[in-house]
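**Q** So the chains spell out like this:
Protein chains: 2
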Amino acid sequence: MQTAFLFDLDGTLVDSVYQHVMAWTEALVTEGIELSIWRVHRKIGMSGGLLTNMLLRETAGMNLDPARIERVQRLHAKAYVKHAKDIKPLPGARELLAALTESKIPWAIATSSRMETARPVLETLGIDFARVALVTRDEVEHAKPDPDLFVAAANKLGVAMEHAFVVGDAVWDMLAARRARCLGVGLLSGGYGQEELERAGAYRVYEDPADLLLHLDEVGGRR
Amino acid sequence: MQTAFLFDLDGTLVDSVYQHVMAWTEALVTEGIELSIWRVHRKIGMSGGLLTNMLLRETAGMNLDPARIERVQRLHAKAYVKHAKDIKPLPGARELLAALTESKIPWAIATSSRMETARPVLETLGIDFARVALVTRDEVEHAKPDPDLFVAAANKLGVAMEHAFVVGDAVWDMLAARRARCLGVGLLSGGYGQEELERAGAYRVYEDPADLLLHLDEVGGRR
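So the protein sequences, as listed, match chains Y and E. Per numbering that gives the first Met the number 0, the first sequence starts with residue 0, numbered consecutively. Per numbering that gives the first Met the number 0, the second sequence starts with residue 0, numbered consecutively.
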């Protein structure tokens, strides 16, 4: 059975979750919406529209009109640029991707971000945009926790979902993985707790890409 | 049996954990120390010296000399001021403290921060500094996860440790509570997962101060 790896981006390959948390919080405050920051953190990784809608429905019992959701997303993108300049790859991220390539194990990146937001951090990973299988929010109708991004990524690789691992830091990655019939591998590097990821269905949980690389044989990464 | 409540401050009464995370990260980067941000998050609530030392020992296997630890702490305090201006009380924090006061249930605040750092956020809570039992890092030899802060807070109130609940958002609050022979009540508002707090010994876990107020009868807050 040939394994393939479908990676989330933020919090999984690059250390950018906390910057996204602060940028979403700023965007919501600018729109006059006050939410506790931990609630924003727990929604990172979802599509931006869904994140905004869910936060408001859960905490204020209100639905936003589409124009306001669009505005919050634009404010987030603007605030994020300010925080994004110091974002770095997570320990072992480049080495993990290089090891998979060298072992001829197919891998792809599937992110709920739009290309505009994802490009600068993808560049820190030294990604060759012409060669790497990459799916962003722009290419699918629904982002996570819907499975579309991972299904599209597997299609780009030409691998079957049932042979693929999804690697992500968020509960939403694990839920999307299960809907896509992939196995989910959780990483703690986005700030979720181990048990949260396990309860969302993670097959295994590691600290970060470096720790996953060290244990790659546990998840079919035969080298 | 008369109950008393000993509160942590950051992430428990005020929404300031993520600002501390970013400030510690900036301070460490300025000192040339690169650490993943989630690792910093998981140490918030400890004494600053211990936090710096533990992060480095765990990840780089190195001990810092005291002068450098002192410098990182000063850099954190400086960076935190920049992030602190928008910090707000967590939902229900003022109401919870007012309800306890009204019911003549003793309560105190015990924080690993120094007064210099804690004062601005205490002010957002409308604390009367002349009347409230308050213990900061300045008054004890060891901060959390040592029990000194909570022991000092119970002493100020004149209550027995065995009758007190410690309310906190961090694993370090729960560990310090157990060492002090208090029961720990965990809050999710600092960004830890429910299971992490439970595994550290939390007697009960609530979302935030508003949720604790709603369930106060479960933890002896008879009104």
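Treat each hint with caution, since some may be false.
Claimed, not checked - Taking beta-carbon pairs under 10 Å as the criterion, some of the chain Y residues facing chain E (in silico):
# : residue
1 : 20
2 : 52
3 : 62
4 : 101
5 : 192
6 : 197
7 : 198
8 : 202
Simulated from the structure, these hints should not be mistaken for lab results. Note that the coordinates shown come from a computational prediction; the quantities given were computed from them, not determined experimentally. Beta carbons: idealized from backbone N, C-alpha and C, even for Gly.
**Q** Can you name, in rising order, the numbers of the hints this structure does not satisfy?
**A** Numbers 2, 3, 4 and 8 - these are the hints that the structure violates, sorted from lowest upward.
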